[in-house]
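> Letter by letter, the chains look like this.
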Amino acid sequence: MNYDGACTNCSDSKALEDFPVAMAYVPWQSWNGVCKNLNAGFEAGTIFKELEKPLWCYNS
Amino acid sequence: MNNMNDYYQPYRRGSQSMNPSMNQSVNPSMNPSMNGSMSGSCSCSNSADKLMDMIDRYSFAMDDTRLFLDTHPDCMEALAFFRKMQKLREDAIHEYEDHYGPVTAYRCSDASDSWMWNAGDLPWQIKRCSCKEV
Chain A
1 MNYDGACTNC SDSKALEDFP VAMAYVPWQS WNGVCKNLNA GFEAGTIFKE LEKPLWCYNS
Chain B
1001 MNNMNDYYQP YRRGSQSMNP SMNQSVNPSM NPSMNGSMSG SCSCSNSADK LMDMIDRYSF
1061 AMDDTRLFLD THPDCMEALA FFRKMQKLRE DAIHEYEDHY GPVTAYRCSD ASDSWMWNAG
1121 DLPWQIKRCS CKEV
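Protein chains in written order, with the working numbering: chain A, 1 to 60; chain B, 1001 to 1134.
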C-alpha cells in the first residue's frame, strides 16, 4: 500500500459549469499522501500538506 | 545523525539501568518518522518524555486521518494509513507502559497485578527535554 500516492477513487468528477450559480463550493480533498515527518505535521497542525495554510502577520 | 534508537533506552522499575547509557537496541518501530529516519540529534536521555511525544504524534496523525475518513470512508489508502498509525501508537503505548507505568487509568489493570496508576513520577516531576526533537 502506497500512503504517498494519489487516491484514484476520490476526486471531483462533476464539471464546474454543472454546479448551480450563486453557491459556494469547497473542492473535494483527495488522498495525496501525508507528511513524511510526523513532527512537522504535528507542529503545522495537519498531516496533509495541502491543508497547511500558515498565517503570516506583518508589523507595519 | 541520531534517530530514536540512539537515545531511547528502556529501563524497568527496580533495575539498575535507570540511567541508561546510549546506543543500545530498542524497538525499531518506535520512530515517529514513517520511513524510519530522523533529523537532528539529542543528548538527553529522558526516554519517558520522548515516548510520550511519540504517542502524541501518532495520536494526532490518527485524529487527522479520522477527519479525512469521515468524508472518505471508502478510501483504502487513508484506512491503511490509519491502521498503520494505530499499530505504531499501540506499540509506543505498550513500550511506555512496560517501563514507566500506565498511560491512562483505564489501562491500569493491564500492566500489572497491582494498582500502578499512582506509581512512578508525577507529570510535574518528569524532567522535560527542551531540545524539541523526538
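I should point out that these hints are in silico values taken from the structure, not numbers from a laboratory.
Among the clues, some could well be false.
Unchecked claim - Below are the BS3-like pairs computed for lysine-lysine, each with C-alpha atoms no more than 27 Å apart in a straight line:
(1) K49(A) x K1084(B)
(2) K14(A) x K1087(B)
(3) K53(A) x K14(A)
(4) K14(A) x K1084(B)
(5) K49(A) x K1087(B)
> Are there hints from earlier that the structure breaks, and if so, what are their numbers?
2, 4
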